[in-house]
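Trainee: Given the structure of chain Z, go ahead and fit chain V onto it with the hints provided.
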Amino acid sequence: MATLARLQARSKFVAQQYYFRNSVVDIFRKKEYDAAVKIQSWFRGCQVRAYIRNLHRVTTIIQKWWRSYSGRQKYQLIVKFASCAMKMNLYNAMAVRIQRRWRGYRIRKYCFNYFYLKEYLKAVSETNDAIREALEEFAEMKEREEKKADLEREEKKRDYQARKMHYLLSTKQIPGIYNSPFRKDPDPWELRLQKAKPLTYQRSKVKQKRCISLSNWLACTSARSFPRSEILPPIDRKQCQGPFRDITEVLEQRYKPLEPTLRVADPTSELKAAREEVRRQAWMRNVNDNMFLPFSSYHKNKKYIPLMHSSSKYGPNSYGSQHFRDENPKKWICDKDFQTVLPSFDLFSKYGKLYSKAGQII
Amino acid sequence: MHSFTKDQTPWIPNGQAGVMSLLRPLLLDVVPTIQQTAALALGRLANYNDELAEAVVKGDILPQLVYSLAEQNRFYKKAAAFVLRAVGKHSPQLAQAIVDCGALDTLVICLEDFDPGVKEAAAWALGYIARHNAELSQAVVDAGAVPLLVLCIQEPEIALKRIAASALSDISKHSPELAQTVVDAGAIAHLAQMILNPDSKLKNQVLSALSQIAKHSVDLAEMVVEAEIFPVVLTCLKDKDEYVKKNASTLIREIAKHTPELSQLIVNAGGVAAVIDCIGSCKGNIRLPGIMMLGYVAAHSENLAMAVIISKGVPQLSVCLSEEPEDHIKAAAAWALGQIGRHTPEHARAVAVTNTLPVLLSLYMSTESSEDLQVKSKKAIKNILQKCTYLPALEPFLYDAPPNILKHVVGQFSKVLPHDSKARRLFVTSGGLKKVQEIKAEPGSLLQEYINSINNCYPEEIVRYYSPGYSDTLLQRVDSYQPLTH
Numbered sequence: 001m002a003t004l005a006r007l008q009a010r011s012k013f014v015a016q017q018y019y020f021r022n023s024v025v026d027i028f029r030k031k032e033y034d035a036a037v038k039i040q041s042w043f044r045g046c047q048v049r050a051y052i053r054n055l056h057r058v059t060t061i062i063q064k065w066w067r068s069y070s071g072r073q074k075y076q077l078i079v080k081f082a083s084c085a086m087k088m089n090l091y092n093a094m095a096v097r098i099q100r101r102w103r104g105y106r107i108r109k110y111c112f113n114y115f116y117l118k119e120y121l122k123a124v125s126e127t128n129d130a131i132r133e134a135l136e137e138f139a140e141m142k143e144r145e146e147k148k149a150d151l152e153r154e155e156k157k158r159d160y161q162a163r164k165m166h167y168l169l170s171t172k173q174i175p176g177i178y179n180s181p182f183r184k185d186p187d188p189w190e191l192r193l194q195k196a197k198p199l200t201y202q203r204s205k206v207k208q209k210r211c212i213s214l215s216n217w218l219a220c221t222s223a224r225s226f227p228r229s230e231i232l233p234p235i236d237r238k239q240c241q242g243p244f245r246d247i248t249e250v251l252e253q254r255y256k257p258l259e260p261t262l263r264v265a266d267p268t269s270e271l272k273a274a275r276e277e278v279r280r281q282a283w284m285r286n287v288n289d290n291m292f293l294p295f296s297s298y299h300k301n302k303k304y305i306p307l308m309h310s311s312s313k314y315g316p317n318s319y320g321s322q323h324f325r326d327e328n329p330k331k332w333i334c335d336k337d338f339q340t341v342l343p344s345f346d347l348f349s350k351y352g353k354l355y356s357k358a359g360q361i362i
Numbered sequence: 001m002h003s004f005t006k007d008q009t010p011w012i013p014n015g016q017a018g019v020m021s022l023l024r025p026l027l028l029d030v031v032p033t034i035q036q037t038a039a040l041a042l043g044r045l046a047n048y049n050d051e052l053a054e055a056v057v058k059g060d061i062l063p064q065l066v067y068s069l070a071e072q073n074r075f076y077k078k079a080a081a082f083v084l085r086a087v088g089k090h091s092p093q094l095a096q097a098i099v100d101c102g103a104l105d106t107l108v109i110c111l112e113d114f115d116p117g118v119k120e121a122a123a124w125a126l127g128y129i130a131r132h133n134a135e136l137s138q139a140v141v142d143a144g145a146v147p148l149l150v151l152c153i154q155e156p157e158i159a160l161k162r163i164a165a166s167a168l169s170d171i172s173k174h175s176p177e178l179a180q181t182v183v184d185a186g187a188i189a190h191l192a193q194m195i196l197n198p199d200s201k202l203k204n205q206v207l208s209a210l211s212q213i214a215k216h217s218v219d220l221a222e223m224v225v226e227a228e229i230f231p232v233v234l235t236c237l238k239d240k241d242e243y244v245k246k247n248a249s250t251l252i253r254e255i256a257k258h259t260p261e262l263s264q265l266i267v268n269a270g271g272v273a274a275v276i277d278c279i280g281s282c283k284g285n286i287r288l289p290g291i292m293m294l295g296y297v298a299a300h301s302e303n304l305a306m307a308v309i310i311s312k313g314v315p316q317l318s319v320c321l322s323e324e325p326e327d328h329i330k331a332a333a334a335w336a337l338g339q340i341g342r343h344t345p346e347h348a349r350a351v352a353v354t355n356t357l358p359v360l361l362s363l364y365m366s367t368e369s370s371e372d373l374q375v376k377s378k379k380a381i382k383n384i385l386q387k388c389t390y391l392p393a394l395e396p397f398l399y400d401a402p403p404n405i406l407k408h409v410v411g412q413f414s415k416v417l418p419h420d421s422k423a424r425r426l427f428v429t430s431g432g433l434k435k436v437q438e439i440k441a442e443p444g445s446l447l448q449e450y451i452n453s454i455n456n457c458y459p460e461e462i463v464r465y466y467s468p469g470y471s472d473t474l475l476q477r478v479d480s481y482q483p484l485t486h
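Chain order of the listed sequences is Z and V.
The first sequence begins at 1 in UniProt numbering and counts up by one.
The second sequence begins at 1 in UniProt numbering and counts up by one.
Don't take every hint at face value.
As the list claims (entries may be wrong) - In silico DSS-like pairs for lysine-lysine, Cα to Cα no more than 30 Å straight-line:
id : chain 1 : residue 1 : chain 2 : residue 2
1  : V       : Lys240    : Z       : Lys142
2  : V       : Lys312    : V       : Lys257
3  : V       : Lys387    : Z       : Lys122
4  : V       : Lys283    : Z       : Lys157
5  : V       : Lys382    : V       : Lys415
6  : Z       : Lys147    : V       : Lys283
7  : V       : Lys240    : Z       : Lys148
8  : Z       : Lys147    : Z       : Lys157
9  : V       : Lys379    : V       : Lys440
10 : Z       : Lys157    : V       : Lys387
11 : Z       : Lys148    : V       : Lys201
12 : V       : Lys312    : Z       : Lys122
13 : V       : Lys312    : Z       : Lys118
14 : V       : Lys89     : V       : Lys201
15 : Z       : Lys148    : V       : Lys283
What the hints assert, rightly or not - Just a sample of chain V residues kept apart from chain Z, beta carbon distances all over 12 Å, derived:
id : residue
16 : Ile34
17 : Glu222
18 : Asn455
19 : Ser471
Keep in mind the hints are simulated off the structure, nothing from the lab.
A quick note: this is a predicted structure, and the numbers were derived from the prediction, not measured.
Even glycine gets a Cβ: it sits at the ideal position worked out from N, Cα and C.
Just chain Z, same shape as in the assembly (with noise of 0.2 Å):
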């Protein structure tokens, strides 16, 4: 019992005690936790520190490596492609070398060649010259063939005079009227008469007996183009004596007009004209005009008319024909010559001759 009283005696002190004693403890439990947690907490974050710490150091040699991997792979890509360009710029730069040449080439010699230009040019005028020249030779001798041409006229026409005047020719007894004994030598005139052949009558009849024919009456240019005598008579005349009829009766009768008739008036030559007309109708239908020759002697007139290439200057060529060796010696295989082994074909010598009756050359 007396535990008893003495815990209960202590027992307030002992509630006290065990009061103060847990609130002591519990105002330093408060404080002790917190301090606790604070260290425990400081503790913890040093610990997460340093493994973010540890974390960041990894991840920055990480994120290194990454980016210098990733960032060689960029740069290789740009000098790469920048590498590419230069080359490219250098393969253009040197194509546009090569096409300007060939563009200044291609253009200077085939599509405008001034040199070409130049000659061509140069050409023209020199064969300009030429043909001035070579026409100015052709006007010049065309006007001396003229000059020559009227100078013979004149000559001729000079001739014909002293021909006609042949009577003035001076004679021993009387000197002509060119041949003045006056003058010192004789007018050139003189020679020329002396040296013409007098004029025949005969000539100039045949010339006006021309005039007069019939088949000329459309060029005929008269004013009357019916034909009569080129002869008229002569103008004044004195009356003959005697017993001679009227003379415009004789004129008149003697002059008349050719009346022909229509026999004459006709061209007496028709007839023979017209066999001409019709041997020329046959002649224009011929399509040939060699006559025809019997077949038999077809070989004997037809003349033969070799090959150009089978026949030399003097005749026909024995090679080909005659012989057929090589002309050229060093060309023969052997020296022997040739045997004909089979005689040739006479087929051919009988062409033309088996189809004649008439003919029976066979």
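Mentor: Same frame as chain Z, but now just chain V:
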């Protein structure tokens, strides 16, 4: 009968129908001489006047003539062909009347006759009929005349050759098909051979025939050239007869105008020099084809124009331009010069150096020139100016040119002056800059742009110095100046 009809100015009896009715029965007379004389009389009547020719046609004489043509002798044939020719030459209607009465076949039969006089008369009649228009030519060709005419050309008689060549020329001038028909008959070779003949009338006809053939198309022209007429034709350009020269240059012109290759052929054969000499030696209308030929050659390409220039064509053309009195020849010369000068500055310079541009300008401005001449000279000036960089020739234009040409002149100056310092100096000293300042132009127009570009070549002081009214502004400044008073 003959005395009435043979004279140059016959007395026409005032019963013309009466004459025909008198002559008609004589055609049927028994005596051949009377028939022939009657036919001759009819021919001479019809030859003089187309009314008489119509009377012949109306008098129903032609069928009779045609009918008896076939049977009679050669004198009658000649006379009858003469009548047909005389009737057919006046007008297409009369020629058509001849064709309608079936004369063409008989005339073609006459062409086969042996007498050259008959052939000549028949060919002459056919030529006159074919001359009028293409249908009549076609009728003549359809009657089969062309091969016979080609045979006639080969005959030895000169008169017959002449007439046959003239007939072929008349046939082929209307259309390419007719020309082709003539060519197919082998005419070109014979015509080309006859160029060498000394007879000048024959040469006339032959050259005219060849030019009528060559004018239609390139193929025909090439065929004519293939007959090797060059350089023989050039000798015809030196002939004494003016018309031979004219026809020869016509032929060369017809060939040159088709393609550059043909012109080149002519240039290579020295044709240009020959034509230029020919132009120099004749006057008037004879020159015209030669001038046109130069224009055609120069028009094709610049090399050919340069060839014309080095053959000394430009001085000759400018002489033609100034000398000739007739407007159409001047117009042709102006056109030819324009064609030569329009290609490059070198060409324009060659034309400008000969002082032709003022002549062209005066022709354009003068009121007496015909419209055609004005148009052509304007075109020529424009073409040459657009390429001309030869400033001494351009300067006179600044003073007396009308505004539409002035524009081009100032334009050329504005192209040349920026690059050439000597030219700039010359421009100032010769008074050109002054003149340019005086030109009034609307702002924004092409002329104003040119003037601005010229002004930009010079320092501002000079431009201001030469601008109009500068002396007035200076005097105004003098008036308004207050001298400094001490």
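Trainee: Does each hint fit the structure? Answer for all of them.
Mentor: Against the structure, the hints:
Restraint check for Lys240/V and Lys142/Z: satisfied, since their Cα atoms lie roughly 9 Å apart, inside the 30 Å limit. Distance restraint check for Lys312/V and Lys257/V: the Cα-Cα separation of roughly 20 Å lies within the 30 Å cut-off, and the hinted pair is therefore satisfied. A threshold of 30 Å between alpha carbons decides the hint, and for Lys387/V with Lys122/Z the separation of about 24 Å falls inside it, so the pair holds. For a cut-off of 30 Å, the pair hint linking Lys283/V to Lys157/Z is broken: about 35 Å separates their Cα positions.
Simply put, Lys382/V and Lys415/V have alpha-carbon atoms about 16 Å apart, close enough for the 30 Å limit, and the pair holds. At roughly 25 Å between alpha-carbon atoms, Lys147/Z and Lys283/V fall within 30 Å of each other, so this suggested pair holds. In summary, the hint linking Lys240/V to Lys148/Z is supported, as the alpha carbons are separated by about 16 Å, within the 30 Å threshold. For the given pair, Lys147/Z sits about 15 Å from Lys157/Z by alpha-carbon distance, which is consistent with the 30 Å threshold.
With a CA separation close to 24 Å, the supplied pair Lys379/V and Lys440/V stays within the 30 Å bound. This hinted pair does not check out: Lys157/Z and Lys387/V have alpha carbons roughly 65 Å apart, beyond 30 Å. Using a Cα cut-off of 30 Å, the hinted pair Lys148/Z and Lys201/V holds, with the two alpha carbons roughly 22 Å apart. Restraint check for Lys312/V and Lys122/Z: the C-alpha separation of about 13 Å stays at or below 30 Å, so the hint holds.
A distance of roughly 16 Å separates the Cα atoms of Lys312/V and Lys118/Z; the hinted pair therefore holds under the 30 Å criterion. For the hint linking Lys89/V to Lys201/V, the alpha-carbon distance of about 20 Å falls within 30 Å, and the restraint holds. With a CA separation close to 28 Å, the supplied pair Lys148/Z and Lys283/V stays within the 30 Å bound. Not every Cβ of chain Z is farther than 12 Å from the Cβ of Ile34/V; the closest lies at roughly 10 Å, contradicting the non-interface assignment.
Consistency note on Glu222/V: stated as away from chain Z, and its beta-carbon is indeed over 12 Å from all of that chain's, at 21 Å minimum. Every C-beta of chain Z lies more than 12 Å from that of Asn455/V, the closest at about 36 Å, which supports listing it as non-interface. Separation of Ser471/V from chain Z is adequate, the least Cβ-Cβ distance of about 52 Å exceeding the 12 Å criterion.
Checked against the numbered hints given earlier, the structure breaks hints 4, 10 and 16 and satisfies all the rest.
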